[in-house]
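K.L.:
Chain residues, written in single-letter form:
Protein chains: 2
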Amino acid sequence: MDMREGPQRLVVIGGDAAGMAAASQARRLRKPDELEIVAFERTHFTSYSACGIPYWVGGDVQDRDQLVARTPEEHWERHIDLRLRTEVTEIDVSGRRVRAHDLETGNEYWTSYDKLVIATGARPIRPDMPGVDAAGVHGVQTLDDGQSLIDTLTRTEGRRAVVVGAGYIGVEMAEALLRRGFEVTVVNRGAEPMATLDPDMARLVRRAMEGMGITMVDDTEVTGLRSGEDGRVRAVVTKDAEYPADVVVLGIGVEPVTDLARQAGLPLGAHGGLLTDLAMRVRGHEDIWAGGDCVEVLNLVSGQEQYIPLGTHANKHGQVIGTNVGGGYATFPGVVGTAVSKVCELEIARTGLRERDARRAGLQYEAVVIESTSRAGYYPDASPMTVKMIAERNTGRLLGVQIIGGEGAGKRVDIAAVALTAAMTVEQMTALDLGYAPPFSPVWDPVLVAARKAVRKVRETR
Amino acid sequence: MDMREGPQRLVVIGGDAAGMAAASQARRLRKPDELEIVAFERTHFTSYSACGIPYWVGGDVQDRDQLVARTPEEHWERHIDLRLRTEVTEIDVSGRRVRAHDLETGNEYWTSYDKLVIATGARPIRPDMPGVDAAGVHGVQTLDDGQSLIDTLTRTEGRRAVVVGAGYIGVEMAEALLRRGFEVTVVNRGAEPMATLDPDMARLVRRAMEGMGITMVDDTEVTGLRSGEDGRVRAVVTKDAEYPADVVVLGIGVEPVTDLARQAGLPLGAHGGLLTDLAMRVRGHEDIWAGGDCVEVLNLVSGQEQYIPLGTHANKHGQVIGTNVGGGYATFPGVVGTAVSKVCELEIARTGLRERDARRAGLQYEAVVIESTSRAGYYPDASPMTVKMIAERNTGRLLGVQIIGGEGAGKRVDIAAVALTAAMTVEQMTALDLGYAPPFSPVWDPVLVAARKAVRKVRETR
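Taken in sequence, the protein lines are chains X and Y.
Just so you know, my numbering puts the end of the first sequence at 481, numbered straight through with nothing missing.
Just so you know, my numbering puts the end of the second sequence at 481, numbered straight through with nothing missing.
Just so you know, the hints here were simulated from the structure itself, not pulled from any lab data.
Here a beta-carbon is modelled for each residue, glycine too, at the ideal position from N, C-alpha and C.
Wrong hints could be hidden among the right ones.
Simulated restraints, written as ranges between beta carbons of each label pair [unchecked claim]:
(1) Thr62(Y) / Asp82(X): 55 to 61 Å
(2) Ser402(X) / Gly78(Y): 18 to 24 Å
(3) Gly247(Y) / Arg475(X): 56 to 62 Å
(4) Glu229(X) / Thr414(Y): 48 to 54 Å
(5) Gly322(Y) / Arg379(X): 38 to 44 Å
(6) Arg478(Y) / Pro51(X): 20 to 26 Å
(7) Gly78(X) / Thr62(Y): 51 to 57 Å
(8) Ala298(Y) / Asp82(X): 39 to 45 Å
(9) Cys363(X) / Thr350(Y): 38 to 44 Å
(10) His290(X) / Arg478(Y): 33 to 39 Å
(11) Asp296(X) / Arg475(Y): 35 to 41 Å
When you get a sec, could you build the whole thing from the sequences and use the hints?
P.N.:
In structure tokens:
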């Protein structure tokens, strides 16, 4: 029983989206005389949009500060004791304390908590290969990373850029580098870019990127990076070839930062992320919460845990954690796996399960692909749109949707995201009352066209 | 008992979206030796997009033929005996026959049916006021109407256009006339344009239209039209003023064309439309179906019948009717009242119930309004967006959403349309996994921001 007087003490590890959303929401519910809040952040920045970095590098966003949703000063004003440039190096679960290391002064100290939020985020996967630490080789996870890459792009005279990896970050960075006037090569381990799509849809992305003048090298493992005598990168090396490079961007993906959690014996999942309950409490730990890019989330369609680092989830996690820490009640029921992206004019979206996800989850399914347009065919700037829809065999329950197309394609995936959440069948979807007017949609929205085709396929094979 | 040999006979009255979609789908399921199909159409055209007329008048669509989804020739090729310029003048329900009047030859004849589809559509409300038949006064329901208006716009030297009515058609025609270089005045009976929105949201539309240089005259009943000696319209007359006009467009709305049905004793609803069951059979009549702009539809949120003439519903009706007539099974479960429109750059969308609809349905509710942006705030061309959300008191069930904003605002209403269909609560909506990336949405989609605010409001007042 807690016999102490005075306020409870909340410690937050990590000052980006999840951590500071949790701190802010807890502060909204509890005044400083009820709850002290101490937040530790390794870098100089808080509450920034990592997702915005490619657009800052590409020049769409002029100023780094625009990516900062809330500055340290704003947090201090709200009576959050935010400690910048301070790294937490250990969690002592039984002693209810964390060890902090002030990176400026070198000071180390223990500080106690009643409630702990772990929001340690993700870090770019930096493959263990020769030359990866050469000058001119960049990740794009933090604002510091972004600044450092922009400095390189500004300084370098060469115009050859190689992006390693062709996931969201890889594809977005390819566009950014293209916009800055670089010759861009994307080297990708998979047979197609965008492994978050099925290969038949990903192929459309590759073709579009080639059409933009990007050199796509698929099915190729990078074995190392070659540097010059000045220590600057010169080329990306694969088994069969060398790709000359004045700058290299690593877009291989990120992994959860859970070293502290692992040392503290907290439960981790198959993907290395922390495991929580639906209130975002670390499983088995009443007073420890975790959220953002360091946790795994439940996929409501497959029923399995997944690792999906994404700012929008991190913000929701923080909101839920802050509400619960503050004495309210909220849950994060899970995700359906929605993601949207673009490369130049091409919009790329997905939600739910790919074919391989369905198989892995033990589901039998039918898949259909249709071609339509973003607006009525006769309306100006109607752009082509390809929709793939996957439905469960027999039941016809929607399992997933992938959309590739011009303006208006991407956010259409939200229709399917809501339908997945509601466990609708494709037959139910054919009756959806979606917004129609010629500048917005053909009279049958492309998602409805796909649903109609999926209904026929499910019936035929029932 | 039907003892005849040979094919059954389907008669379709009305050759636009609902009628011809029904005929085409029935033909897909039944060959000519199983089912004869005869379709009667008053005009020269079939299967055209009336919704596209404002964009044709405005010059976005160059050619009338682009608005025709399927020509008479295409129907004939599919063995549909389409009879153009032929009006059905009577339905003899007990005799299972209709009387047709060939408008070209003057011939009248009876023809029998086994199954009948009524798809007689809508006609513009033409107020009974002095001068309404003057030259230069136009409705915009059929392709003939559109051509006639374009001819007037091309011929007239004056540049003053008055639109009577400020619903979808009125607002879209205001844009079309503006684009053709006319000075546009919109005279509107209501206090605000777009009566399909709540007044607080409609006000934003009025302000935007005024900002485009359109003169908005609200709260004003048109009492007549004044013509010159040449029989051409000169002015729109109200109780207090006259508005000079070289061309007048009537955008007062449409009404169902159900004279035939009424004479035949078929059941009509409170809004004058035919009443059907969920398979689109006219209530109480096993072998008569009806769909499109001449029927009332069930609003799934209010539980009440409503009149919503809209091409997308008409196409769905036709699809369902054709499937049932052809021996399959399909239903049209109802609508949630989704509509989307635009005037120049402003997108206008709604779904579900307005405040007054909720009251009329006996529902108590909370309403919230939020301001957000279409993209991340720091991303170029992020445009403002206002979202209004209405939720049921106590339960928090979503009742309606209205959205006004720049590009990307309109089709966001689909999120709410699906959520309404699934009877989600606003609390469930806050966890929706919607597509997020800076070019597509702020990290909290505007719809989620509205849902969060609605949750707080519902809780406070529970």
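K.L.:
Each hint should be assessed against the structure and marked as holding or not.
P.N.:
Hint-by-hint comparison with the structure:
Against the hinted window of 55 to 61 Å, the Cβ-Cβ separation of threonine 62(Y) and aspartate 82(X) comes to about 59 Å, which satisfies the hint. Remark: the range hint 18 to 24 Å for serine 402(X) to glycine 78(Y) is upheld by a beta-carbon distance near 20 Å. Taking the beta carbon of each, glycine 247(Y) and arginine 475(X) are about 59 Å apart, inside 56 to 62 Å as hinted. Remark: the range hint 48 to 54 Å for glutamate 229(X) to threonine 414(Y) is upheld by a beta-carbon distance near 52 Å.
A C-beta distance of roughly 42 Å is found between glycine 322(Y) and arginine 379(X), which places it inside the suggested range of 38 to 44 Å. Our hint of 20 to 26 Å for arginine 478(Y) and proline 51(X) holds, since their Cβ atoms are close to 24 Å apart. A beta carbon spacing of about 54 Å between glycine 78(X) and threonine 62(Y) agrees with the range 51 to 57 Å that was offered as a hint. For alanine 298(Y) paired with aspartate 82(X), a C-beta distance near 59 Å fails the hint of 39 to 45 Å.
Between cysteine 363(X) and threonine 350(Y) the C-beta distance comes to about 43 Å, which sits within the given range of 38 to 44 Å. Restraint check, histidine 290(X) to arginine 478(Y): a C-beta distance of roughly 35 Å satisfies the suggested window 33 to 39 Å. Taking the beta carbon of each, aspartate 296(X) and arginine 475(Y) are about 24 Å apart, not inside 35 to 41 Å as hinted.
Of the numbered hints given earlier, the model fails hints 8, 11; all others are met.
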